[in-house]
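Trainee: Model the full assembly from the supplied sequences, consistent with the hints where possible.
There are 2 protein chains.
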Amino acid sequence: MTNSHRPVPTPPRPTDPGRELRRSVATVCLSGTLGDKLAAAAAAGFDGIELFENDLVVSAWSPAEVRARCADLGLTVELYQPFRDFEAVPADLLRANLTRAEHKFDVLADLGADTLLVCSSVAPAAVDDDALAAEQLRLLADRAAARGIRIAYEALAWGRHVSTWDHAWRIVDRADHPALGICLDSFHVLSREVDPAGIAGIPPGKIFFLQLADAPHLRMDVLQWSRHHRLFPGQGAFDLAGFVRLVLSAGYAGPLSLEVFNDVFRQSDPARTAVDAMRSLVHLEDGLHQAERPDLRFRRLPAAPGLTGYAFTEFAVDGRSGPVLQDVLRGLGFTHTGQHRSKPVQLWEQGDCRVVLNSAVTRPQASGTAAISAFALTTADPHRGVDRAGALHAPVLPRRRGPAEAELAAVAAPDGTSVFLAEPDDGWRADFLPTGNEVAGEAGLVGTDHLGLTQPFDHFDEAGLFYRSVLGLRRLGTEEYAAPFGLMRSRGFTDPDRTVRLALTVAVLRRGDWAPSVADPQHVAFGTDDIFGTAAALDRLGADTLKISDNYYADLVARFGLDEETVARLRRYGILYDRDPGGGELLHLYTPVYGGRIFFEVLQRRAGYDGFGDANAPVRMAAHRHQRLAET
Amino acid sequence: MTNSHRPVPTPPRPTDPGRELRRSVATVCLSGTLGDKLAAAAAAGFDGIELFENDLVVSAWSPAEVRARCADLGLTVELYQPFRDFEAVPADLLRANLTRAEHKFDVLADLGADTLLVCSSVAPAAVDDDALAAEQLRLLADRAAARGIRIAYEALAWGRHVSTWDHAWRIVDRADHPALGICLDSFHVLSREVDPAGIAGIPPGKIFFLQLADAPHLRMDVLQWSRHHRLFPGQGAFDLAGFVRLVLSAGYAGPLSLEVFNDVFRQSDPARTAVDAMRSLVHLEDGLHQAERPDLRFRRLPAAPGLTGYAFTEFAVDGRSGPVLQDVLRGLGFTHTGQHRSKPVQLWEQGDCRVVLNSAVTRPQASGTAAISAFALTTADPHRGVDRAGALHAPVLPRRRGPAEAELAAVAAPDGTSVFLAEPDDGWRADFLPTGNEVAGEAGLVGTDHLGLTQPFDHFDEAGLFYRSVLGLRRLGTEEYAAPFGLMRSRGFTDPDRTVRLALTVAVLRRGDWAPSVADPQHVAFGTDDIFGTAAALDRLGADTLKISDNYYADLVARFGLDEETVARLRRYGILYDRDPGGGELLHLYTPVYGGRIFFEVLQRRAGYDGFGDANAPVRMAAHRHQRLAET
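From first to last, the protein sequence lines stand for chains A and B. Numbering follows full-length UniProt numbering, in which position 450 of the first sequence is assigned residue number 450; successive positions increment by one, without gaps. Numbering follows full-length UniProt numbering, in which position 203 of the second sequence is assigned residue number 203; successive positions increment by one, without gaps.
The hints are simulated quantities; they were obtained by calculation from the structure and are not laboratory data. Mixed in with the good hints, there may be bad ones.
Any copy, or any two copies together, can satisfy a pair, since identical chains are not distinguished.
[What the hints assert, rightly or not] 25 Å max Cα-Cα, derived SDA-like pairs, lysine to any residue: (1) 104 <-> 572; (2) 547 <-> 253; (3) 104 <-> 615; (4) 547 <-> 566; (5) 104 <-> 132; (6) 104 <-> 561; (7) 547 <-> 62; (8) 104 <-> 565; (9) 104 <-> 124; (10) 547 <-> 35; (11) 343 <-> 319; (12) 104 <-> 550; (13) 547 <-> 569; (14) 547 <-> 520; (15) 547 <-> 111; (16) 104 <-> 438; (17) 547 <-> 438; (18) 104 <-> 567; (19) 104 <-> 125; (20) 343 <-> 360; (21) 206 <-> 157; (22) 104 <-> 578; (23) 343 <-> 396; (24) 104 <-> 383.
Mentor: The structure is reproduced here in structure tokens:
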């Protein structure tokens with residue numbers, strides 16, 4: 001690596017002291033025509049876009065019209081991409097490639113764009129010759145410079161001869177042309193084994209562009225992984241903040257630009273996707289402030305709310321589903337303790353478990369059904385939490401939309417559920433008049449362990465990022481399992497103190513007509529310190545618990561080597577069992593499904609069991625299906 | 001390999017001379033609860049099932065109840081599977097594993113099943129020691145034999161130490177126990193590099209079970225490939241008939257059993273999937289008759305119909321969409337030549353292109369829309385074709401359901417389209433009275449090149465097998481491309497003489513709410529020998545052709561190096577261009593979308609171009625979207 005680079009004069013890139021990084025999104029991240037994509041990017045607050053060639057090619061707008069449209073929307077075309085299979089070719093092909101490039105320079109000129117991405121060749125005609133690649137890229141950069149254009153050279157992870165960032169950099173370094181730099185793509189860098197630490201040593205001004213994508217760890221062909229499974233930062237497994245800090249330490253001051261190829265985002269509402277994308281960048285930037293860049297100003301978020309538990313879960317009910325849930329709660333040992341002063345809203349309690357039945361929620365749902373319409377978490381500073389949510393482009397809901405008239409800060413989750421933040425002083429209870437009802441019979445439920453929320457197919461990764469960024473939750477594991485009506489994915493979240501847990505589930509493929517409605521239920525799981533005692537109490541209270549197949553218990557004996565007596569006790573109460581590799585145990589039971597899609601779980605965690613019993617989910621789903629068939 | 005094996009006495013397996021092979025399907029192939037799966041398998045005509053353990057574990061039916069249910073339905077439990085991680089372990093684990101096995105023997109006894117599948121271990125505790133594996137499997141077989149049970153040992157392609165069929169066979173051979181044999185799974189064998197030819201040398205009676213699955217060639221982790229992307233025979237890329245003939249030459253006479261893990265089948269109507277599965281086995285068996293097995297009788301199909309071309313395409317129209325399509329056809333140079341004697345059905349013609357507009361079809365579709373309701377192909381022996389379709393479990397439609405009263409043999413394709421088979425003598429025209437209309441102006445369309453049919457998401461692979469098996473079509477390539485509203489997959493089919501082509505398309509992921517209706521259109525493509533002459537004629541006739549973006553033509557220059565004059569001619573008429581690696585060229589143009597989801601294509605193939613211009617499909621889809629937005 002040399003330090004002999006001249007400064008980059010073409011074109012001038014001002015670096016105002018203390019300026020903010022620009023935020024950009026590639027058009028490939030968004031569904032629709034170019035018009036749909038630009039509108040969505042602008043509405044979500046992006047400063048610029050990467051224009052993917054195909055989006056221009058199929059567009060009815062000329063490049064000049066695209067430029068004008070972008071200007072109207074306050075967007076800059078930060079990059080035009082990709083230009084493929086250029087370098088390290090025989091002379092005749094080089095000539096053809098330069099002609100091809102001149103056509104693209106025309107397009108950039110009309111677009112008002114100044115940077116063209118050239119990705120490392122995958123063509124059979126390319127030879128493995130760094131000197132030749134450098135020479136030809138220098139030639140290209142020379143022609144580009146004459147048009148006021150820069151060439152950003154990028155190593156594709158599956159490039160024929162150049163597939164790592166350091167190899168691409170050696171060629172750019174060797175070519176030594178002011179209009180030639182490299183483009184770094186976090187996916188291409190982090191999906192490979194090559195250590196990215198050396199990026200910090202790239203001379204200032206030679207990183208022309210930075211593309212960001214997260215991804216889950218997958219064992220698959222890297223090209224397929226890249227083209228189908230990228231995610232926005234914070235939705236996958238890569239350390240994007242660490243990566244961006246490296247790039248910043250090399251002096252980069254260009255845009256943070258998202259380039260995410262994702263099969264779901266490709267067919268989802270682009271306005272939603274763009275907000276999700278912006279949220280990922282805002283959250284990422286919040287983790288960059290340690291970077292030693294006095295010339296830059298990193299926008300910070302209010303700190304995440306320190307959560308201390310679930311205050312309550314609210315169900316939207318109607319005249320038919322309300323009484324059903326009242327009976328169910330009574331059977332579970334709850335008491336109707338409070339009645340709202342002015343609305344048809346009931347509070348039910350047991351231990352630290354609180355459920356609100358709200359007949360006043362105007363939420364679209366079929367008659368006779370129930371749904372989780374809201375949940376409330378306790379935190380010392382609800383307003384800071386809501387400020388953070390707003391900064392993360394989450395829809396902050398008008399105050400006083402809660403079941404109680406007391407002021408509750410609230411924000412809408414991606415599936416429409418309202419998330420309330422409440423102070424731990426129970427101030428929200430002020431609007432409930434005590435019923436004076438005697439506690440009829442409790443079942444030993446001590447608190448809300450978790451909510452299980454089946455997510456709309458298009459919004460699973462969006463929801464995960466929402467809960468991570470807005471509430472500061474951490475991701476627990478992700479499980480995939482075969483259920484009776486198709487594959488399911490389940491992902492757990494919790495706060496650092498494990499006071500709040502959430503399990504988000506989604507069908508791995510969007511469901512079709514065949515799957516019955518019980519395939520997508522929601523549930524609340526209550527904890528107990530004595531599952532057998534609770535089960536016996538539920539029995540006495542006449543609770544309706546889910547009948548579990550005898551085959552399950554026969555298999556349990558074979559699978560875990562449990563003694564017959566324990567298994568007999570489990571079977572008696574329909575308690576399911578799971579054990580983790582560390583010896584932690586989960587004992588849990590379920591109710592049937594009520595009001596179309598609601599069920600309850602009662603569970604006991606032992607010896608640090610940290611999961612959600614996903615191994616038993618297919619058993620539960622089949623049992624719910626049997627229940628439904630028996631009813632009809 | 002030794003030949004010292006004793007015959008297998010436990011249990012007796014009769015091999016009646018001239019008997020038929022049994023047909024079996026694994027419960028994992030089908031969606032739903034065990035009840036759904038058994039009902040579907042029986043209705044489709046299977047003789048037996050492989051019972052996947054989880055399907056039993058989650059079932060409300062005890063093993064004895066499953067046995068009774070199967071008996072009622074005429075099904076045998078051919079195999080219980082899988083038993084995992086048994087062999088080559090330390091002594092204490094062996095004891096536990098044997099205890100575990102005894103539990104499963106109990107289950108098999110209750111089920112009335114006699115074969116347990118043991119798959120090669122993936123457990124870290126297993127050691128790489130064939131002698132130990134053989135010794136322990138021998139022990140297991142001994143215990144099994146005492147219960148009248150056989151052990152079928154199978155190499156998982158991702159087994160820890162045993163991952164190939166020949167390795168599994170060496171261990172079984174070494175163990176040399178009459179109740180121990182191998183299970184061959186076509187996926188595990190054909191997904192690996194090991195030559196399967198040696199299978200023919202396995203001594204008679206030692207292949208205990210045969211599992212069949214096809215798969216597309218995919219570059220991915222073999223476990224993921226196996227668990228998500230298997231297909232029924234004839235839907236993928238494997239030579240299943242060749243594989244089964246090998247197994248038969250080793251004396252195998254057990255069931256042909258489908259074991260297909262497929263994400264789509266897991267969530268589709270099991271009744272449909274089971275018929276698709278049965279069709280795949282019937283078609284496969286038709287290719288087995290060369291096997292030298294005088295003791296077996298292979299069921300044969302009537303030969304595939306020799307196709308000679310498209311007779312006509314029928315559109316279901318109504319009072320609003322009918323006149324629209326009449327105008328469009330007139331603009332394309334068609335003449336209304338025939339009127340049905342008794343029904344509101346019109347025949348339109350040009351060259352060898354024939355279109356029927358049928359207002360009498362009672363097909364569910366929205367008011368004002370049009371849809372391809374049927375197409376007719378010519379063949380010398382329509383009745384043989386329909387007999388073949390019936391033997392392949394395709395729904396044969398009542399005669400005289402065609403637009404004409406003349407007898408037309410017909411079968412329903414998976415998307416509901418009627419496929420008519422007509423004799424080449426045009427007898428079907430007898431019921432149309434000539435209108436005597438003069439030919440107003442033709443555009444040089446010479447015949448129907450292909451139909452483009454977007455398939456329902458759940459039925460894409462089913463449709464491919466339907467057209468391959470029922471009509472004897474061959475598969476052309478499969479393309480995947482990024483379109484404005486998500487990824488698309490397109491697969492071409494044709495007869496050996498290239499007289500009939502079909503392009504089936506499907507969204508790679510099931511579409512959600514965002515995708516507009518123009519994302520799933522149907523179309524008819526007419527051929528011309530002179531695309532520019534036809535385009536000029538269409539211009540004169542006032543045809544409405546689809547406006548293609550100027551950007552497309554600018555890119556065409558860069559991409560293919562076409563001369564400016566040619567590109568100017570293409571642009572003038574909205575003609576798109578594609579070139580294949582062999583120099584074949586496609587020139588084609590489109591109409592807008594009419595009646596909700598119908599458009600027409602006009603094309604010229606040059607120099608043997610054999611595809612469907614999929615590279616241009618996103619351009620067309622964006623243009624259709626622009627058209628729709630301009631209309632609204």
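Trainee: Give a verdict on every hint.
Mentor: For each hint, the structure was consulted:
no.: 1; hint: 104 <-> 572; verdict: between (73 Å within a copy, 22 Å between copies)
no.: 2; hint: 547 <-> 253; verdict: neither (61 Å within a copy, 42 Å between copies)
no.: 3; hint: 104 <-> 615; verdict: between (54 Å within a copy, 20 Å between copies)
no.: 4; hint: 547 <-> 566; verdict: within (17 Å within a copy, 73 Å between copies)
no.: 5; hint: 104 <-> 132; verdict: within (22 Å within a copy, 66 Å between copies)
no.: 6; hint: 104 <-> 561; verdict: between (68 Å within a copy, 13 Å between copies)
no.: 7; hint: 547 <-> 62; verdict: between (64 Å within a copy, 14 Å between copies)
no.: 8; hint: 104 <-> 565; verdict: between (76 Å within a copy, 20 Å between copies)
no.: 9; hint: 104 <-> 124; verdict: within (22 Å within a copy, 55 Å between copies)
no.: 10; hint: 547 <-> 35; verdict: between (53 Å within a copy, 17 Å between copies)
no.: 11; hint: 343 <-> 319; verdict: within (14 Å within a copy, 53 Å between copies)
no.: 12; hint: 104 <-> 550; verdict: between (68 Å within a copy, 14 Å between copies)
no.: 13; hint: 547 <-> 569; verdict: within (14 Å within a copy, 72 Å between copies)
no.: 14; hint: 547 <-> 520; verdict: within (19 Å within a copy, 44 Å between copies)
no.: 15; hint: 547 <-> 111; verdict: between (65 Å within a copy, 22 Å between copies)
no.: 16; hint: 104 <-> 438; verdict: neither (78 Å within a copy, 51 Å between copies)
no.: 17; hint: 547 <-> 438; verdict: neither (30 Å within a copy, 75 Å between copies)
no.: 18; hint: 104 <-> 567; verdict: between (71 Å within a copy, 17 Å between copies)
no.: 19; hint: 104 <-> 125; verdict: within (21 Å within a copy, 59 Å between copies)
no.: 20; hint: 343 <-> 360; verdict: within (7 Å within a copy, 56 Å between copies)
no.: 21; hint: 206 <-> 157; verdict: within (20 Å within a copy, 47 Å between copies)
no.: 22; hint: 104 <-> 578; verdict: between (59 Å within a copy, 20 Å between copies)
no.: 23; hint: 343 <-> 396; verdict: within (23 Å within a copy, 61 Å between copies)
no.: 24; hint: 104 <-> 383; verdict: neither (51 Å within a copy, 58 Å between copies)
When the structure is compared with the earlier hints, violations turn up for hints 2, 16, 17 and 24 and for no others.
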